[in-house]
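Chains H and S, in that order, give the protein sequences.
The opening residue of the first sequence carries number 1 in this note's numbering; numbering runs sequentially from there.
The opening residue of the second sequence carries number 1001 in this note's numbering; numbering runs sequentially from there.
Just so you know, these hints were derived from the structure itself, not from any lab.
Incorrect hints may appear among the rest.
The calculated lysine to aspartate or glutamate pairs, modelled on EDC-like cross-linking and capped at a C-alpha distance of 20 Å, are [as the list claims (entries may be wrong)]:
id, chain 1, residue 1, chain 2, residue 2
1, S, 1092, S, 1003
2, H, 22, H, 85
3, H, 40, S, 1007
4, S, 1098, H, 56
5, H, 41, S, 1007
6, H, 36, S, 1003
7, H, 40, S, 1056
8, S, 1002, H, 44
9, H, 52, H, 67
10, S, 1098, H, 53
11, H, 41, S, 1057
12, H, 22, H, 67
13, S, 1092, H, 67
14, H, 52, H, 24
15, S, 1079, S, 1057
16, S, 1092, S, 1056
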Amino acid sequence: ETGVTQTPRHLVMGMTNKKSLKCEQHLGHNAMYWYKQSAKKPLELMFVYNFKEQTENNSVPSRFSPECPNSSHLFLHLHTLQPEDSALYLCASSPTYGGDTQYFGPGTRLTVL
Amino acid sequence: RKEVEQDPGPFNVPEGATVAFNCTYSNSASQSFFWYRQDCRKEPKLLMSVYSSGNEDGRFTAQLNRASQYISLLIRDSKLSDSATYLCVVTKNTGFQKLVFGTGTRLLVSP
Chain H
1 ETGVTQTPRH LVMGMTNKKS LKCEQHLGHN AMYWYKQSAK KPLELMFVYN
51 FKEQTENNSV PSRFSPECPN SSHLFLHLHT LQPEDSALYL CASSPTYGGD
101 TQYFGPGTRL TVL
Chain S
1001 RKEVEQDPGP FNVPEGATVA FNCTYSNSAS QSFFWYRQDC RKEPKLLMSV
1051 YSSGNEDGRF TAQLNRASQY ISLLIRDSKL SDSATYLCVV TKNTGFQKLV
1101 FGTGTRLLVS P
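Could you build the full structure based on these sequences and the hints that come with them?
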């Protein structure tokens, strides 16, 4: 299935590196989301975009910086991360804003050394 | 108290068994309810929505008890391919209907 794609699938970075995660949805949806999934913890919503405008920032540290150039693309820029930021980062999209079925991408498994 | 609570399992069952998962949620104002399935090292995928009247999709039956703030998922005639983590999801109105996920219940179906 290629409805929501994410790159890279795996990323290892040092605490001083800068990297970006990319998400693209081919479903014509209007809303896009970033989630973090850590071991033994539930999915945590990080950011929400509706028609490429950011509508939610769930108290995410500024070392995570989202960008949504259009309603099909979403980026998560990473800089000076901490080892505890290691997790699976999932992108999702939904036809409309909130409450609808969300379609997830395969995720980027991030390891911060 | 967690917003959505699930028994993490794992539930180990033989093929053909019937297994039930439960979930409780804390926000009485939640409006929508779902079960998602997540395979190992894969993304979550919607399994089914949960309605007040209860709903069935093949071998899967979901029930909602609003008074007790309790959701259940019943799987009949378990298949090996049902092995996965089942995530209970409810909505929370924070200005939009945010999805709140449980930590999931792991199911292992063995031959």
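Going down the list of hints, with the structure as the test:
no., hint, result
1, S:1092 with S:1003, "holds (9 Å)"
2, H:22 with H:85, "holds (17 Å)"
3, H:40 with S:1007, "holds (12 Å)"
4, S:1098 with H:56, "holds (10 Å)"
5, H:41 with S:1007, "holds (13 Å)"
6, H:36 with S:1003, "holds (17 Å)"
7, H:40 with S:1056, "violated (29 Å)"
8, S:1002 with H:44, "holds (13 Å)"
9, H:52 with H:67, "holds (9 Å)"
10, S:1098 with H:53, "holds (16 Å)"
11, H:41 with S:1057, "violated (28 Å)"
12, H:22 with H:67, "holds (10 Å)"
13, S:1092 with H:67, "violated (25 Å)"
14, H:52 with H:24, "holds (12 Å)"
15, S:1079 with S:1057, "holds (15 Å)"
16, S:1092 with S:1056, "violated (24 Å)"
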